[in-house]
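Q: What follows is the residue order along each chain.
There are 2 protein chains.
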Amino acid sequence: MHMSSVAPVAASEFSAEERESVYKAIFTRRDVRSQFKAGKPVPDDVLKRLLTAAHHAPSVGFMQPWNFIVIKSVFQKTLMKMAFSRANDEAAALFPDERRALYSSLKLEGISAAPINLCITCDRSRGGPVVLGRTHNYDTDLYSTVCAVQNLWLAARAEGIGVGWVSIVRDAELRKILQLPDHVVPVAYLCIGYVDELYATPELELRGWRQRLDLDSLIFNESWGNP
Amino acid sequence: MHMSSVAPVAASEFSAEERESVYKAIFTRRDVRSQFKAGKPVPDDVLKRLLTAAHHAPSVGFMQPWNFIVIKSVFQKTLMKMAFSRANDEAAALFPDERRALYSSLKLEGISAAPINLCITCDRSRGGPVVLGRTHNYDTDLYSTVCAVQNLWLAARAEGIGVGWVSIVRDAELRKILQLPDHVVPVAYLCIGYVDELYATPELELRGWRQRLDLDSLIFNESWGNP
Numbered sequence: 158m159h160m161s162s163v164a165p166v167a168a169s170e171f172s173a174e175e176r177e178s179v180y181k182a183i184f185t186r187r188d189v190r191s192q193f194k195a196g197k198p199v200p201d202d203v204l205k206r207l208l209t210a211a212h213h214a215p216s217v218g219f220m221q222p223w224n225f226i227v228i229k230s231v232f233q234k235t236l237m238k239m240a241f242s243r244a245n246d247e248a249a250a251l252f253p254d255e256r257r258a259l260y261s262s263l264k265l266e267g268i269s270a271a272p273i274n275l276c277i278t279c280d281r282s283r284g285g286p287v288v289l290g291r292t293h294n295y296d297t298d299l300y301s302t303v304c305a306v307q308n309l310w311l312a313a314r315a316e317g318i319g320v321g322w323v324s325i326v327r328d329a330e331l332r333k334i335l336q337l338p339d340h341v342v343p344v345a346y347l348c349i350g351y352v353d354e355l356y357a358t359p360e361l362e363l364r365g366w367r368q369r370l371d372l373d374s375l376i377f378n379e380s381w382g383n384p
Numbered sequence: 158m159h160m161s162s163v164a165p166v167a168a169s170e171f172s173a174e175e176r177e178s179v180y181k182a183i184f185t186r187r188d189v190r191s192q193f194k195a196g197k198p199v200p201d202d203v204l205k206r207l208l209t210a211a212h213h214a215p216s217v218g219f220m221q222p223w224n225f226i227v228i229k230s231v232f233q234k235t236l237m238k239m240a241f242s243r244a245n246d247e248a249a250a251l252f253p254d255e256r257r258a259l260y261s262s263l264k265l266e267g268i269s270a271a272p273i274n275l276c277i278t279c280d281r282s283r284g285g286p287v288v289l290g291r292t293h294n295y296d297t298d299l300y301s302t303v304c305a306v307q308n309l310w311l312a313a314r315a316e317g318i319g320v321g322w323v324s325i326v327r328d329a330e331l332r333k334i335l336q337l338p339d340h341v342v343p344v345a346y347l348c349i350g351y352v353d354e355l356y357a358t359p360e361l362e363l364r365g366w367r368q369r370l371d372l373d374s375l376i377f378n379e380s381w382g383n384p
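Heads up: the protein sequence lines correspond to chains A and B, in order. First residue of the first sequence: 158, per this note's numbering; consecutive thereafter. First residue of the second sequence: 158, per this note's numbering; consecutive thereafter.
Simulated from the structure, these hints should not be mistaken for laboratory data. Please note that the accuracy of each hint is not assured.
Pairs count within a copy or across copies, as identical chains cannot be separated in the list.
[Stated by the list, open to error] Derived pair list, reagent style DSBU-like, types lysine-lysine, alpha-carbon separation capped at 30 angstroms:
#1 K194 <-> K181
#2 K194 <-> K234
#3 K229 <-> K333
#4 K229 <-> K264
#5 K181 <-> K197
#6 K205 <-> K181
#7 K238 <-> K197
#8 K264 <-> K194
#9 K205 <-> K234
#10 K197 <-> K264
Using the sequences and the accompanying hints, generate a full structural model.
A: Shown next as structure tokens:
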């Protein structure tokens with residue numbers, strides 16, 4: 158009988174130390190732009206561990222819609238850096254005068270400094286026309302792909318590797334650089350490399366861009382707006 | 158000089174044991190529908206730790222667009238269960254005959270069984286009209302919110318708590334139940350509770366719905382399709 162093979166097993170408990178390690182990864186993870194160590198490549202087996210962590214993210218209908226495009230060439234990084242710069246100039250112009258100087262002073266990417274760039278994509282056609290769990294929210298495949306990003310980010314933190322997410326780029330330019338087919342969405346473009354130092358709290362907070370919100374003010378009971 | 162306060166500090170290294178704990182959470186995390194323990198509530202301080210983990214997710218422009226709606230009442234759970242059932246009947250009808258019987262045999266939610274339901278939402282207006290990093294991809298706030306979901310999911314695993322993501326519900330019905338304003342998107346509706354047992358691999362794989370893909374086939378070099 159096939160059913161015997163689908164019985165759950167004892168959930169492996171976490172010790173207090175193991176639990177604290179998970180929280181350590183969560184609380185000390187940073188979006189890295191400037192701290193990548195020059196001249197220290199990420200070995201293939203370590204990169205494979207990070208991608209394996211990403212591949213074990215939850216996905217709607219077990220769709221596993223992700224692909225991983227590993228970019229190491231100076232040529233591709235240069236194209237990406239140029240695309241970022243164009244978009245960042247456009248972005249800076251959108252901020253009011255009193256914010257623009259601060260915006261322009263922020264370093265928002267580590268494309269060239271990071272030994273590895275990685276684009277995590279979502280193939281929207283992967284599960285066929287009807288995907289379990291996606292029937293009422295078509296974008297859950299994109300959400301699954303983001304879960305893969307966060308898995309990789311936390312695994313990287315545990316490996317001593319920093320990750321930065323570059324979102325300031327025109328979609329059409331990124332698609333052209335990576336030669337993406339139309340049914341594939343570039344969800345995250347990541348810069349990846351070893352780090353010795355990190356900011357103690359998010360860099361945008363330290364530089365006075367925006368403060369951390371009070372958690373209690375974000376929690377409601379039973380329905381929206383009910384404290 | 159303000160700059161001295163924004164210097165990075167030594168990145169706290171992870172020991173081999175700490176690193177393995179992070180991977181343990183990633184690899185043993187499951188989407189839980191049936192294993193919630195009856196009669197074991199989640200204490201408020203434990204729930205607060207999970208929400209704190211979610212609140213420390215990366216967010217575009219440090220926007221922190223999330224809110225957390227904690228649902229414990231039988232009334233709200235019953236409304237949600239009814240909304241799920243209606244949507245699930247619609248979903249079942251979309252599958253071809255040979256898949257429909259298997260689909261209908263799957264348990265896809267633990268709304269009533271889980272002591273806590275939690276909706277994690279995205280307030281698209283939170284950062285004002287121009288958000289750093291969102292100028293070229295408006296949906297990065299939704300992605301940030303999903304990062305919060307995955308942080309919570311992994312923290313929950315470390316706490317011995319299971320999480321299941323219910324995505325089969327009409328958006329309009331969920332919005333009405335939770336009284337969401339138009340500018341707020343319900344990104345994830347989660348069922349949360351203690352578990353003693355979990356499946357060794359994803360339930361949809363065990364039940365023959367879909368197999369895990371070969372990771373190597375998902376990795377490309379430099380651009381799409383380049384193995």
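Q: Each hint: holds or not?
A: Hints versus structure:
Taking CA atoms no more than 30 angstroms apart as the test, K194 paired with K181 passes in both settings, with 22 angstroms inside one copy and 27 angstroms between copies. Within a single copy, K194 and K234 get their C-alpha atoms as close as 17 angstroms, which meets the 30 angstroms cut-off; across copies the closest is 50 angstroms, which misses it. Proximity of K229 to K333 under the C-alpha cut-off of 30 angstroms is restricted to the intra-copy arrangement: shortest distance 17 angstroms within a copy versus 48 angstroms between copies. In the homo-oligomer, the alpha carbons of K229 and K264 lie at most 30 angstroms apart inside one protomer (21 angstroms), although the nearest pairing across protomers, at 44 angstroms, exceeds that limit.
Taking the shortest Cα distances, K181 and K197 sit within 30 angstroms of each other both inside one copy (24 angstroms) and across copies (27 angstroms). Taking CA atoms no more than 30 angstroms apart as the test, K205 paired with K181 passes in both settings, with 22 angstroms inside one copy and 16 angstroms between copies. Proximity of K238 to K197 under the C-alpha cut-off of 30 angstroms is restricted to the intra-copy arrangement: shortest distance 21 angstroms within a copy versus 52 angstroms between copies. Within a single copy, K264 and K194 get their C-alpha atoms as close as 16 angstroms, which meets the 30 angstroms cut-off; across copies the closest is 48 angstroms, which misses it.
With identical chains, the CA atoms of K205 and K234 are at most 30 angstroms apart within one copy only, with a shortest distance of 21 angstroms there and 41 angstroms across copies. In the homo-oligomer, the alpha carbons of K197 and K264 lie at most 30 angstroms apart inside one protomer (21 angstroms), although the nearest pairing across protomers, at 48 angstroms, exceeds that limit.
Checked against the numbered hints above, the structure breaks none of them.
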